[in-house]
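Use these hints to put chain B onto chain A, whose structure you have.
Number of protein chains: 2
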Amino acid sequence: MAGIPIKFGILGCADIARKVSRAITLSPYSTLYAVGSRSVEKASNFAKDNGFPASAKVYGSYDALLDDPDVDAVYVPLPTSLHIKWAVLAAQKKKHLLLEKPVALNVKEFDVILEACESSGVQFMDATMWMHHPRTAKMREFLNDPQRFGQFKSVHSVFTFTADPDFLENDIRVKPDLDALGALGDVGWYTIRAILWSVDFELPKSVIALPGPVFNKAGVVLSCGASLYWEDGKVATLHCSFLSNMTMNVTAIGTKGSLHLCDFVIPFEEEKASFSTSVESGFTDLVTGWAPKPSEHVVTTDLPQEAQMVKEFSRLVGLIKAEGAKPETKWPTFSRKTQLVLDAVKTSIDRGFESVEVIS
Amino acid sequence: MAGIPIKFGILGCADIARKVSRAITLSPYSTLYAVGSRSVEKASNFAKDNGFPASAKVYGSYDALLDDPDVDAVYVPLPTSLHIKWAVLAAQKKKHLLLEKPVALNVKEFDVILEACESSGVQFMDATMWMHHPRTAKMREFLNDPQRFGQFKSVHSVFTFTADPDFLENDIRVKPDLDALGALGDVGWYTIRAILWSVDFELPKSVIALPGPVFNKAGVVLSCGASLYWEDGKVATLHCSFLSNMTMNVTAIGTKGSLHLCDFVIPFEEEKASFSTSVESGFTDLVTGWAPKPSEHVVTTDLPQEAQMVKEFSRLVGLIKAEGAKPETKWPTFSRKTQLVLDAVKTSIDRGFESVEVIS
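These protein sequences, in sequence, are chains A and B.
Here the first sequence is numbered in my numbering, starting from 1 and rising by one per residue.
Here the second sequence is numbered in my numbering, starting from 1 and rising by one per residue.
Be aware that a few hints might be false.
Since the list can't tell identical chains apart, any single copy or any two copies may satisfy a pair.
As the list claims (entries may be wrong) - Distance condition first, Cα-Cα at most 20 Å in a straight line; then the derived EDC-like pairs of lysine to aspartate or glutamate:
(1) Lys205 <-> Asp171
(2) Lys42 <-> Glu296
(3) Lys94 <-> Asp177
(4) Lys293 <-> Glu269
(5) Lys272 <-> Glu296
(6) Lys256 <-> Asp164
(7) Lys94 <-> Glu202
(8) Lys272 <-> Asp285
(9) Lys293 <-> Glu270
(10) Lys57 <-> Glu323
(11) Lys175 <-> Glu41
(12) Lys217 <-> Glu202
The hints are simulated quantities; they were obtained by calculation from the structure and are not laboratory data.
Keep in mind the model is a prediction, meaning the values are calculated, not measured.
So here's chain A without its partners, still in its complex pose (with noise of 0.2 Å):
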């Protein structure tokens, strides 16, 4: 294919920075070709520790990264606060754009990031990896589906992990001028995008955030819990915390069929992941067991799931350059789909828990 590879520059040193370098260099489309950081020599080390060929570019700001007109795309791992400035400039610079979650810090921010792409006419897309692990697209065959699933009903979302005391004191996620969604933006996004994917992404007309959610002394959420609503009586539920032990599943129920699986963000193994299903399951004759059982489905890949948002990501990138291709608008979507509901669930928080309307 031509215009690639796709040289690609990292904006900043985060530890998740070093998952996707490699995953760039696993990407058969793409190459690592930058990476930037306040410090020109921890960005040195960075491309040291991580796989960067020899004649990789190094720079001490992210402006000197943004000017190089060499870089055709960047991966911007930066707190959320720093997005609106970094991912619109980027965009200004015609730079192709892979962005960490949460988006933004709402959609109002997130709205201008999109125009500065659009304006440019390079693609966007968020870093929710397992939105593309081949398991996420067999698992959208069995819902869409409508002799296994059904007509979709209701689909709960738990996303949990306990955060240990450093990282509560200091991490970019639990601190209000960095990353202000807290858990709700960085666990939580995961069940909201969970959820709406569920559901092929059509919006819920309300959304009510569950009492009790764990604030910090900064105010940052810590742990909450929403409820969904939609037009035509489909319900929704999602738990996140970083106070808990790890969980990841993801539960939808169908009037014909339900789907399970309880590692949807990081599978628990690289090369295969699993999911369960059952359809139209009843019981044997007195009640002493299923009859039929769930199946188990195992989806092995050739690429880790990070690896092919890469390749997917350099593959619309690589039709832009080559072909002056429109972007995919649908990965943009997704992701305001996505921080529309979170800016729902944050504002029920805020207002005490009312039901809060969800307006695209």
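Quick look at chain B alone, frame taken from chain A:
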């Protein structure tokens, strides 16, 4: 053990009584002694079809069965609205009482039943079978272990099944004059029990039903959800429905560990059942997989859970009969707490999803 086998009378020929009749046969301390129905023919057929010995008594009324002085204990699978009449009469006739769930239409009615049991010194137990599976005891050990589970944070339970059109038209569980609590009293009972069980039966301080319950034309709940709140910050969610495919999950999360199972009410298989735990879960260095991964625990059982229930009930009755022991109070306490929370969910629905205090 003296005083056994316990002679059981079955009050009514509900479908579920077939399963419990088999359990009485399987259990070492009990025997099928009598069955009573509103029609002697129906009772007779039931006895013939369900392995009753030739000597078994067949009665054409519930009264007649209760008047038989040789009946030690009764199993009562009658519609919930009839519990107060027949459970009280059974207790007054000194019959030990194994009562189907929900135990009553509300806790006020249930207290009348309990008073009758206490006056007569008979054992009360509700027929929540999974409580007696050896898996349940193994899961209890995990939840009680501060090294593995830590401090309790949240629990989430779902129990749904798709009722067929005949059920939705004719089953007692959708009839306001028979089982007015509908899906909440049936599948919802189990989710509430699982939540209370998981927190060692500490009552929540408040309950909020989630908006969007579905009712049938007669006003009986076919689907609903709720959230529960404890003084120390623990939270729980439940979802129960007659309108979506069978799903039977419990996820309990502590600061150190998580517990998960997908068949908590009826294990997939009769002879063995499993659950999954994870302890101090983390990721591989690059967050490409879990380390450690969750563990699967398989628990085999020589007797199905319903026979374990009959065995434990009969053991307690045997102790009362042979040694003048006092009835075991934990079982009616578990029932009462479950009913209390169920009542609070119902009240919250009736009051437009207000927060309802749970007062014991």
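Going through the hints against the structure:
In the homo-oligomer, the alpha carbons of lysine 205 and aspartate 171 never lie at most 20 Å apart, since the shortest distance is 34 Å inside one protomer and 33 Å across protomers. Proximity of lysine 42 to glutamate 296 under the C-alpha cut-off of 20 Å is found in neither arrangement, the shortest distances being 45 Å within a copy and 43 Å between copies. For the identical chains of this complex, lysine 94 and aspartate 177 are neighbours neither inside a copy (28 Å) nor across copies (69 Å), given an alpha-carbon limit of 20 Å. When the C-alpha separation of lysine 293 and glutamate 269 is checked against a cutoff of 20 Å, the pair qualifies only between copies, where the shortest distance is 9 Å, while the shortest distance within a copy is 24 Å.
Proximity of lysine 272 to glutamate 296 under the C-alpha cut-off of 20 Å is found in both arrangements, the shortest distances being 12 Å within a copy and 18 Å between copies. In the homo-oligomer, the alpha carbons of lysine 256 and aspartate 164 lie at most 20 Å apart only across protomers (11 Å), although the nearest pairing inside one protomer, at 41 Å, exceeds that limit. Proximity of lysine 94 to glutamate 202 under the C-alpha cut-off of 20 Å is found in neither arrangement, the shortest distances being 31 Å within a copy and 59 Å between copies. In this assembly of identical chains, the alpha carbons of lysine 272 and aspartate 285 lie at most 20 Å apart only when taken from different copies (18 Å versus 36 Å within one copy).
In this assembly of identical chains, lysine 293 and glutamate 270 lie within 20 Å of each other by CA distance solely across copies; the values are 12 Å between and 27 Å within a copy. Proximity of lysine 57 to glutamate 323 under the C-alpha cut-off of 20 Å is found in neither arrangement, the shortest distances being 27 Å within a copy and 86 Å between copies. Taking the shortest alpha-carbon separations for lysine 175 and glutamate 41, neither the intra-copy value of 25 Å nor the inter-copy value of 74 Å comes in at or below 20 Å. For a Cα distance limit of 20 Å, the shortest separation of lysine 217 from glutamate 202 qualifies neither inside one copy, at 36 Å, nor across copies, at 28 Å.
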